[in-house]
Amino acid sequence: MTFSFQAAVGERGFDVSLSLGPAETVAVMGPNGAGKSTLLSVIAGLIRPDSGRAELDGRTLFQLGVVPSDGSDVAAVRGRGGQHHWTAPHLRGTALLAQEPLLFPHLPAVDNVAFGPRSAGTPKGRAKAEALHWLAEVEAADLAAHRPAELSGGQAQRVAVARALAADPGLLLLDEPMAALDIHSAPLLRRLLKRVLADRPAIIVTHDVLDALMLAGRVVILENGRVSEEGPTRQVLERPRSAFAAGLAGLNFVPGTLAGDGVLSRQGLHVAGHAEDPIPAGGAAAAVFPPSAVSVFLTDAHGSPRNSFQVTIRDLEPHGDQVRVRGEGMAADITPSALADLGLVPGMTVHFVVKAAAVSLYET
Amino acid sequence: MMGSKRLAARHAYTGVPRWIYTLAVLAALMVVLPLVAIVGRVDWANFLPLVTSESAVSALGLSLRTSAASTVLCVVLGVPLAVVLARGRFPFLGLLRSLVLLPLVLPPVVGGIALLYTFGRQGLLGGTMEVLGLQIAFSTTAVVLAQTFVALPFLVVSLEGALRTGGQRYEVVAATLGASPGTVFRRVTLPLVLPGLASGAVLSFARSLGEFGATLTFAGSLQGVTRTLPLEIYLQRETDPDAAVALSLVLVAVAVAVVALAYHRPAGAAPPGASSGKRPTAAATAGGQVT
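Quick mapping for you: the protein sequence lines, in order, are chains A and B. Letter by letter, the first sequence follows residues 1 to 364 of this note's numbering. Letter by letter, the second sequence follows residues 1 to 291 of this note's numbering.
Worth flagging that the hints you see were computed from the coordinates, not collected in a lab. The beta carbon of each residue, even a glycine, is placed where N, CA and C say it ideally should be. Be careful, since some hints might not be right.
[To be verified] Part of the chain B face toward chain A, derived, beta carbon under 7 angstroms: (1) 167; (2) 168; (3) 170; (4) 177; (5) 239; (6) 241.
[Unchecked claim] Capping the alpha-carbon separation at 25 angstroms, the derived lysine to aspartate or glutamate pairs in DMTMM-like fashion look like this: (7) A:128 to A:100; (8) A:128 to B:240; (9) A:124 to B:171; (10) A:194 to A:229; (11) A:128 to A:139; (12) A:194 to A:100.
[As the list claims (entries may be wrong)] To give an idea of the interface, some chain B residues facing chain A are shown, with a C-beta separation under 7 angstroms as derived from the structure: (13) 85; (14) 87; (15) 175; (16) 176.
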């Protein structure tokens, strides 16, 4: 294992464990304030956790307090005399690429990229050669002599990628690197990151499902400072186990317990469906179905095997060439002409109807 | 494009009430009129001999030497202090900041007395100094110390402002790229606040050059040793008003040069974060010249 991490920051309610294999890229997703940036800051050494332990390529990044995850770790800490260890940020080999490029404004692009090698003691000439190599690698060789103020947002972020890679980090930390870019620069950078991340470990914080799918093999969902779900990206998106992951995948998600041929939610909603794998009776399960499988009726139209839920419309919004009708915890996609026929407006109470055959049930 | 911009500026609505202009003109006159008066009073025919008399040249030379020395001292001591004030995290930081800025509002003569009771023979460190064989009060060293005492806050305020506006984001990035704190300071922090540091140093120099009260109290007025140009002017005013006026004009000229140097920057030279360091210095200038 290349990277292992466990840390708790009491005042932020943050308690996360994470590990990475060699050359593995993990996407970290979650709602705002879930602790994604805290995670990167603790790894990079910018925030000191109350307790925890992290190791990168066999080097200890930090070891603080008592590790609460399991008994053997506590014993290991005690076995080493319970000594606290703290590696300063500049000795960690965890280069951080933020939403903004943050190129040093007083240095031309090539010197920005050479900054890491120079800091590591590489002689000037060789550092410059390395910088030119990395600039070429991010398709920015022609920008070498430019000052950061002369670069566009996309160009600057490419140079920032080169700068981070030139520092030869053991672990690359990316904090929403595409978020500040316009829609024309983002695809180029995403393609470029896919190429350079292929053979190095990285953690990428992102809001974009596309980033997770293209760049990461595994996704970790953080909610309220904890890992609420993690797994291979495709699996998490196909069979989400958290409301947040279901939202990312654009699926309706009703968590609850198995009851009869469906799931009974905590709010007392029963959703009938079919399970591919057997679920123990009374076990935690979720009913998941796409909004496109939901029809909207003004009156209750019972006809088994169908689910019908009374829903108050909260929002209507365009969604591709459909209209997404959002109710409490559930959404339906209908055509604009259906919307006009039904005369839907927010605040109306309607019936969402979905065939049981369109609902998947699985254990959570 | 420049022309259209100027045109837009002339046609744009400002919303300033008319009476404000009246008071603003009065304020400008308040500053400009005395300068005009002094220029009008100069005895131009004898100007050169007056400013090149032996005592004048000696005073000017001493002023330039001591001001240069105190500026160097301000930079050497003020840069670390500003960094600690801007970046440090410990209790009583606010109190320390207020104390360091005290010389800005303190009457310099009080500063002089305070220095006398610190470094003088009877002072706090007087015994230690005597053991070391150092006699500071009423020496050129005392002039430099007095100037540093009053000028240090100018550099600290201007640099701390630049450091705060610049923020720590670049320094954090530099650290994650593997730069040690020393390298970050040398290659990122300092270059980014260089404009703030430069204007702070220029203002410190100007303040040192104009120092009067603290110098007279702590260093005395001995020709060639502690009698700087402001002291010489004050002395000459009694015996030879024409010489005093001529020398005053020299100081005015130096002040104008300093202001031009501190507030004129070639376009695009200052990084976006550091340029606003000049705001606190402007405030400091307003509160500082209480000689």
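Check whether the Cα positions of residue 128 of chain A and residue 240 of chain B lie no farther apart than 25 angstroms.
Violated, at roughly 65 angstroms.
How about residue 85 of chain B: closest beta carbon in chain A under 7 angstroms, or not?
Violated - the Cβ of residue 85 of chain B stays beyond 7 angstroms from chain A, reaching only about 21 angstroms at its closest.
Using Cβ atoms only, decide whether residue 167 of chain B comes closer than 7 angstroms to chain A, and label the hint accordingly.
violated (10 angstroms)
Distance restraint between residue 128 of chain A and residue 139 of chain A, which requires alpha-carbon spacing of 25 angstroms or less
With a Cα-Cα distance of about 16 angstroms, the restraint between residue 128 of chain A and residue 139 of chain A holds, given a limit of 25 angstroms.
Taking the least C-beta to C-beta distance, is residue 241 of chain B closer than 7 angstroms to chain A?
violated (50 angstroms)
Residue 87 of chain B was flagged as interface toward chain A. Is the shortest Cβ-Cβ separation under 7 angstroms?
violated (14 angstroms)
Against chain A, with CB atoms and a cut of 7 angstroms, does the hint on residue 170 of chain B hold up?
holds (6 angstroms)
Does residue 194 of chain A pair with residue 229 of chain A here, judged by a C-alpha cut-off of 25 angstroms?
holds (24 angstroms)
Given residue 176 of chain B as an interface hint, is the shortest Cβ-Cβ distance to chain A below 7 angstroms?
holds (4 angstroms)
Quick check on residue 239 of chain B please, does its C-beta sit within 7 angstroms of some C-beta on chain A?
violated (53 angstroms)
Pairwise hint evaluation, residue 100 of chain A against residue 194 of chain A, where the allowed Cα distance is 25 angstroms at most
Holds - the C-alpha atoms of residue 100 of chain A and residue 194 of chain A are around 19 angstroms apart, at most 25 angstroms.
Hint validity - residue 168 of chain B Cβ closer than 7 angstroms to any chain A Cβ:
violated (10 angstroms)
Of the numbered hints stated above, those contradicted by the structure are hints 1, 2, 5, 6, 8, 13 and 14, listed in ascending order.
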